[in-house]
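Student: My request is simple: use the sequences and hints to build the entire structure.
Chains as they are written, first to last, in my numbering: chain S, 2 to 335; chain E, 21 to 400.
One thing to keep in mind: the hints can contain errors.
[Claimed, not checked] Beta-carbon label-pair distances, calculated as ranges:
#, chain 1, residue 1, chain 2, residue 2, range
1, S, D205, E, I114, 20 to 28 Å
2, S, V274, E, Y118, 37 to 45 Å
3, E, W70, S, S72, 54 to 62 Å
4, E, W51, S, G138, 52 to 60 Å
5, S, R186, E, P102, 17 to 25 Å
6, S, G21, E, F170, 46 to 54 Å
Everything labelled a hint here was simulated from the structure, so no lab data went into it.
Every residue gets a Cβ at the ideal spot worked out from N, C-alpha and C, and that includes glycine.
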Amino acid sequence: MKKLLSIFAVVAFAFTANAGTLDDVKNRGFLKCGVTTGLIGFAAPDDAGNWAGFDVDVCRAVAAAIFGDSSKVEFTTTTGKSRFPTLASGEIDMLARNTTWTLSRDVNLGFEFVGVNYYDGQGFMIPSALGVDDATGLDGATVCIQTGTTTELNLADFFRANNISYEALPIETNDEARENLFAGRCDVYTTDASGLSATRAQADDPDKWIVLPNIISKEPLGPLVRHGDHQWGDVVRWSLNTLIIAEELGVSSANVDASKSSNIPEVLRLLGVEGGYGEMLELSNDFAYNIIKQVGNYSESFDRNIGPDTPLGIGRNLNALWTDGGILYAPPFR
Amino acid sequence: MNLENQFNTRKPPVATTGLIGWLRINLFSSWFNTAVTLLVLYFLYQIIPWFLDWSILSADFTHNYKGEKIIDRTFCSRVANPEEYHGACWSIIIVRFYQFIYGFYPVDQVWRANLTYFLLAVALIPLLVENLPYRRHLIKFTIVFPIIAFVLLYGGFGFEIVPTNKWGGLLVTLVLGVFGIALAFPLGIILALGRRSKLPVISMVCTLFIEFIRGVPLITLLFFGMVMLPLFLPEGINMDGLVRVLVAVTLFQAAYMAEVIRGGLQAIPQGQFEAAQSVGLSYWQMNRKIILPQAIRITIPSIVNTSIGLFKDTTLVIIIGLLDLLGIGRGALSDATWMGLSNEVYVFVAIVFFIFTFSMSRYSLYLEKKLKTGINMGAD
Chain S
2 MKKLLSIFAV
12 VAFAFTANAG
22 TLDDVKNRGF
32 LKCGVTTGLI
42 GFAAPDDAGN
52 WAGFDVDVCR
62 AVAAAIFGDS
72 SKVEFTTTTG
82 KSRFPTLASG
92 EIDMLARNTT
102 WTLSRDVNLG
112 FEFVGVNYYD
122 GQGFMIPSAL
132 GVDDATGLDG
142 ATVCIQTGTT
152 TELNLADFFR
162 ANNISYEALP
172 IETNDEAREN
182 LFAGRCDVYT
192 TDASGLSATR
202 AQADDPDKWI
212 VLPNIISKEP
222 LGPLVRHGDH
232 QWGDVVRWSL
242 NTLIIAEELG
252 VSSANVDASK
262 SSNIPEVLRL
272 LGVEGGYGEM
282 LELSNDFAYN
292 IIKQVGNYSE
302 SFDRNIGPDT
312 PLGIGRNLNA
322 LWTDGGILYA
332 PPFR
Chain E
21 MNLENQFNTR
31 KPPVATTGLI
41 GWLRINLFSS
51 WFNTAVTLLV
61 LYFLYQIIPW
71 FLDWSILSAD
81 FTHNYKGEKI
91 IDRTFCSRVA
101 NPEEYHGACW
111 SIIIVRFYQF
121 IYGFYPVDQV
131 WRANLTYFLL
141 AVALIPLLVE
151 NLPYRRHLIK
161 FTIVFPIIAF
171 VLLYGGFGFE
181 IVPTNKWGGL
191 LVTLVLGVFG
201 IALAFPLGII
211 LALGRRSKLP
221 VISMVCTLFI
231 EFIRGVPLIT
241 LLFFGMVMLP
251 LFLPEGINMD
261 GLVRVLVAVT
271 LFQAAYMAEV
281 IRGGLQAIPQ
291 GQFEAAQSVG
301 LSYWQMNRKI
311 ILPQAIRITI
321 PSIVNTSIGL
331 FKDTTLVIII
341 GLLDLLGIGR
351 GALSDATWMG
361 LSNEVYVFVA
371 IVFFIFTFSM
381 SRYSLYLEKK
391 LKTGINMGAD
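Tutor: Here it is in structure tokens:
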């Protein structure tokens, strides 16, 4: 028995002392990325079975950075409950699944959030016929609320702080909330603002519904990796940063080739014309070029998946660049 | 002079034979039954025309009312012109039919999935048709079918590997259902025999296993397989997600199957055991030739019942992130191209599930009839 255990220990050691995640991914030939089982705009399979969405683009950007080919990624679907164990066990290399960055997830669960790709927050959706334009005017309203979520606690805090009353109608899923709201069984539905936009988009007549401007919580959503492998964390972090920096510098998939002869030094550094920044990450020097060429910059991804011209119709708001009144900000590429 | 003339027999009253008689006996035998019958008829009158209209007569299939090909939800007649049209928009199913049936299985390898579906049908034939030539040999194929199916679907032996995260839709539902039932059946028999064993260790282990598994919901076992198991394995060693789920499903089903079969074993009169032993049969011979055939025969309805339950329970895998038939449907709904067509998706999924579960229950009826379950136990 002891012998057996020692063999197990050796096997276990042999597997834990493996090369870094980046080398694993390179040897494997594709990236394994965890996404949701389906969330409008953020991750969903299209008719041909290819995954597309705002979170999916982060996965594709990392694949483009490593392989120069954004299609070299395999998606594993995860749910709110299974996402963390799936990442912790090494079944996936990274998770891009509208996951809120919190202290306990960052520290206690042993993960590392490499940045924020979407700043979300809890909001309210009401029928426009209600004639309310601020959440503080919702005194006595019936609120559809998903049970067992942080939104439930945020809601109670908000109404208590503003000294107004509400009646909660507890529901389980987003679908259920939608049906209840559309049937008039509750006056207000509260969840993350991106979820509200998706709900509104599914209404027969979206104009009959408005999302109030009040945002009552912070929900920074971003991709994450396992603690401990800093080199891998850097690769994912700078793939995400590349999307944002490209937008700051005005480099898009349309003009990326022409930008190679730009006279702005940071553009040249970004595209690998000058400096050896890719090598520092153990990637090719044109990794950012590949990302921008194949995935686009942040605003292209945003507009394609969740922006004003999509059924979701989400505005940039907080997710605008810091120069445009938002808080989207990436460290300099140098 | 024959008997008929002697007694001057008359025909039975019209009201007790034929259609009218059947109606009187079955539907209108008392004022209460009459009321229920009328209520149900009214209900059907309200539902059926409406459903036919929604699902077929006013529905869009590939083109909308203007004759345009439907490529996203805005082309659906009921979205484009909600004032006049209200029918279903089946395009979401038609366009994504491949995904519903195979998930993300690579198109160039899909013949393997097709072959597996075909072989599944072949494997079922000897179970369905009794007077088949060479049935004994075909049954052998049925028994090894799960192994063949696994190699075909997953790969190896010269086939390209198709990782299980590419499987989805009906394929995953059937893999979980068929493998779960096929693997759980023998395991259940062993557990049932084990629990009734006179050896205390064996019977305690089996009882403990059965009671533990039955004491928790399936979802708990799924979470255990998905969430806890990887924590026990060293980092870098991964068991395939689908396999972990399959193990959980099989153990769950085996525990229930064991109790069902144990019920059958309890019902066998003690004389059968004693008779078998007195002619010198060993324990296994006795069970194989005398006890189990009778026990399984009387438990067929319950076995099929738990199997149908399991088949439907496989939809729970959505919670741990596997995309079965229902999961693919939800995935389709979360694509902005098709969102909002939830009625179509859920009705389609329901119909597919109904086809499978209804066939299973018909098969059980056929078996019962064939084996005359419940009639003159022990005398035929």
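Student: For each hint, tell me whether it holds in the structure or not.
Tutor: Verification of the supplied hints:
no.	hint	result
1	S/D205 to E/I114: 20 to 28 Å	23 Å, holds
2	S/V274 to E/Y118: 37 to 45 Å	43 Å, holds
3	E/W70 to S/S72: 54 to 62 Å	46 Å, violated
4	E/W51 to S/G138: 52 to 60 Å	57 Å, holds
5	S/R186 to E/P102: 17 to 25 Å	22 Å, holds
6	S/G21 to E/F170: 46 to 54 Å	33 Å, violated
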